[in-house]
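Engineer: Now for the letters of each chain:
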Amino acid sequence: MTTDAIALPGEVASDRAAEVAVAGPPALRRPPLANATFMRALLVVGLVAPFVCARAFSEFTDTVLVQVMIAAITVAGLHLLVHWTGQISLAQVAFMGVGAMVTARANADFSVPLPAAILLGVAGAVVASLVIGLPALRIRGLALAIITLAFGFAATRWLFLRPWLAPLAAGLPIHDRHLFGFDVTQSRQLIIPIGVIGVAVIALTTRLGSSPVGRALRMVASDEEVASASGIGVAGHKLFAFLYAGACAGLAGAFTVVSIGRVGPGAFPVSRSVLYLGAVLFGGPGPLVGPLQAAAGFAAFPVIFRSLGRYVDLIGPLSILLVVTVSPAGINGVAHMAETAVARRLHRHRPPSPNGTGSTAELEGDAP
Amino acid sequence: MKTILANGLVIGSIYGLVALGITLIYKKSRVLNFAHGETGMFGAFVFYALSAEGHKPYLLAAGVGVAVSAALGAATFLLLARRRTDPLAMLVGTLAVAGVLTFVADEIWGTDQHYVPPPLAGWHVSILGLRFIGPRLLVLMAALVLALVFFIAFRVSNVALLFRASATDPYAATLMGVDVARLDFATWTLAGALAGLAAVLVAPLVGFDVFFMTLLAIRGFAASLLAGLTNLPGTLAAGLALGIAEAALTRHTTQPGAPEAVLVVLIVAFLFRPQATQRATA
Numbered sequence: 002m003t004t005d006a007i008a009l010p011g012e013v014a015s016d017r018a019a020e021v022a023v024a025g026p027p028a029l030r031r032p033p034l035a036n037a038t039f040m041r042a043l044l045v046v047g048l049v050a051p052f053v054c055a056r057a058f059s060e061f062t063d064t065v066l067v068q069v070m071i072a073a074i075t076v077a078g079l080h081l082l083v084h085w086t087g088q089i090s091l092a093q094v095a096f097m098g099v100g101a102m103v104t105a106r107a108n109a110d111f112s113v114p115l116p117a118a119i120l121l122g123v124a125g126a127v128v129a130s131l132v133i134g135l136p137a138l139r140i141r142g143l144a145l146a147i148i149t150l151a152f153g154f155a156a157t158r159w160l161f162l163r164p165w166l167a168p169l170a171a172g173l174p175i176h177d178r179h180l181f182g183f184d185v186t187q188s189r190q191l192i193i194p195i196g197v198i199g200v201a202v203i204a205l206t207t208r209l210g211s212s213p214v215g216r217a218l219r220m221v222a223s224d225e226e227v228a229s230a231s232g233i234g235v236a237g238h239k240l241f242a243f244l245y246a247g248a249c250a251g252l253a254g255a256f257t258v259v260s261i262g263r264v265g266p267g268a269f270p271v272s273r274s275v276l277y278l279g280a281v282l283f284g285g286p287g288p289l290v291g292p293l294q295a296a297a298g299f300a301a302f303p304v305i306f307r308s309l310g311r312y313v314d315l316i317g318p319l320s321i322l323l324v325v326t327v328s329p330a331g332i333n334g335v336a337h338m339a340e341t342a343v344a345r346r347l348h349r350h351r352p353p354s355p356n357g358t359g360s361t362a363e364l365e366g367d368a369p
Numbered sequence: 002m003k004t005i006l007a008n009g010l011v012i013g014s015i016y017g018l019v020a021l022g023i024t025l026i027y028k029k030s031r032v033l034n035f036a037h038g039e040t041g042m043f044g045a046f047v048f049y050a051l052s053a054e055g056h057k058p059y060l061l062a063a064g065v066g067v068a069v070s071a072a073l074g075a076a077t078f079l080l081l082a083r084r085r086t087d088p089l090a091m092l093v094g095t096l097a098v099a100g101v102l103t104f105v106a107d108e109i110w111g112t113d114q115h116y117v118p119p120p121l122a123g124w125h126v127s128i129l130g131l132r133f134i135g136p137r138l139l140v141l142m143a144a145l146v147l148a149l150v151f152f153i154a155f156r157v158s159n160v161a162l163l164f165r166a167s168a169t170d171p172y173a174a175t176l177m178g179v180d181v182a183r184l185d186f187a188t189w190t191l192a193g194a195l196a197g198l199a200a201v202l203v204a205p206l207v208g209f210d211v212f213f214m215t216l217l218a219i220r221g222f223a224a225s226l227l228a229g230l231t232n233l234p235g236t237l238a239a240g241l242a243l244g245i246a247e248a249a250l251t252r253h254t255t256q257p258g259a260p261e262a263v264l265v266v267l268i269v270a271f272l273f274r275p276q277a278t279q280r281a282t283a
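Which chain is which? The protein sequence lines are W and L, in order. Sequence positions in the first sequence follow the numbering used here and run 2 to 369. Sequence positions in the second sequence follow the numbering used here and run 2 to 283.
FYI, nobody ran anything at the bench for these hints, they're computed from the structure. Please read all numbers here as calculations on a predicted model, not as lab measurements. No residue lacks a Cβ here, since even glycine has one placed at the ideal position from N, Cα and C. Some hints here could point you the wrong way.
Claimed, not checked - Label pairs and their computed distance ranges (CB to CB):
| # | chain 1 | residue 1 | chain 2 | residue 2 | range |
| --- | --- | --- | --- | --- | --- |
| 1 | W | S308 | L | T86 | 39 to 45 Å |
| 2 | W | A236 | L | L61 | 51 to 57 Å |
| 3 | W | R311 | L | T175 | 39 to 45 Å |
| 4 | L | A249 | W | G310 | 39 to 45 Å |
| 5 | W | G232 | L | L162 | 37 to 43 Å |
| 6 | L | L216 | W | R163 | 15 to 21 Å |
To be verified - Facing chain L, a subset of chain W residues (Cβ under 8 Å, in silico):
| # | residue |
| --- | --- |
| 7 | I89 |
| 8 | A146 |
| 9 | I147 |
| 10 | A151 |
| 11 | A268 |
| 12 | S272 |
| 13 | V275 |
| 14 | L278 |
| 15 | L282 |
| 16 | D314 |
| 17 | L315 |
| 18 | G317 |
| 19 | V325 |
| 20 | S328 |
| 21 | P329 |
Stated by the list, open to error - With the Cβ distance kept under 8 Å, some of the chain W side facing chain L (calculated, not the full set):
| # | residue |
| --- | --- |
| 22 | L150 |
| 23 | F154 |
| 24 | P318 |
| 25 | T326 |
When you get a sec, could you build the whole thing from the sequences and use the hints?
Structural biologist: Encoded structure:
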């Protein structure tokens, strides 16, 4: 993905220049993550990992991991929307709330089995994001930020107080105690279904990123006119990205209510949307791995460092400021710089190829 | 009906006053400043600390509050100035500034409601049968006067031309001798002062906490958007229309959060017809 020709929003010129410099030597053109076998092996390890975590770790560690997976699912969708499609949303936590409340209502009041209730929660979030996302067909960026922010506030102050959605102010307690046979009241069991589904969502998002759809999304983000002239349905792709992000948020919301048991309207403040947006930006444009690392850190940090108290609220804003003012490329950018530096060092020690293009240093014109 | 109109005009002028600063920054920098409300909130709390706790004269406390907000507006620009060619990065940066300001204000003053004595409290006036008490009239007058001042300034001076040139193509404007960075700095400072003024005028009318300006800023954004984001007098008109609609609605329903729901419906409905915005922005 790092070798894609289309510039990502927020990508800095120096990074692109470094990328071009590294793209020369044939041996360095395919990073390990682009290797299909490696990706399949990674997926298998990811799917097995929740079972290992359930057996190897304590209840507390698995509780942290459940929160990490919930954050990772939300961030996966948001990354596709922000970095791959060039849209911005401050309503993701509101969509999480819709997913959580629909799941709780379906399970508690209508006795819908938990897996089906979770699907209904996802469907609810998709409907909500469809309503908010339709204007995305006509606008982009700044105005969309206002719409999604307004929806975020309206959700916490109005929608989540409606009796037809949340009959109890403290939130409806879910009825079922098992999800696919795993006890949802114990994190050591809950980590298995949430972990497996979370890994599947991450794998699907990664796959989408490298698929024609992902390339079309990036084309739309780069230049809508050019994308349209190339035969790409701009409106459809933007709406798809918004709905995909909404579905991910809805799934994360459904898992939130399953993991906690009940949630009130106060569990989904707009400030959390800023935190998730901060994680996505801190991760940086490019592969999903950077935002996932940031999401994991953001989700685990407040639980592990509880002694910091309210200061953990500063993580989101400060990380955004750090990214905006210091390093727009985020974790992905730092990783890419490190990869570039290692590649240059390794390549410098290689013997020059017969056609004389075997050295990065030669490509850059600074060969001795 | 007269009560609805009087209340609506005051509420609307508050929205308009908040929206003026938002529109001013967008007009110059093509950036939505999500820290606008929090910038004003901080000034209002400084005003509260000097006025209610320090027992300083009203005008001195208000002046310092507005100055602090202006300084915060300028500091926000300086902090994010490196990314001023990327409006989306600036927008996200202002969100972060808003988060930091809210956190700091929360640490200093807490989340409790605060009160300051209103100015001109015993004074009232009737205009066209509509009765306004002193502090409410002050808000209405400030909004009208400022909208008029901006309207005249943009008509009789070359400020409008400078704004349009530097917003459309900052590089070309720089080549033509426009000091884009200094103009940006001045605009953000002025917008900060406007946020502070709005907050200082509104604070005595309500019991205020660290989030009071955030909710007003959302309405301010809506008013600004409805007016096409670059039309300063239109922003006040949109703010007044929103205020009157909200006053009429809250009189007929007691449901909490109903104004927010109406706000979203209004914006979404409006966005299905964005032509009006495009005309206003052109």
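Engineer: Of the numbered hints stated earlier in the document, which are not met by this structure?
Structural biologist: Going through the list in order, the structure violates hints 11 and 20 and respects the others.
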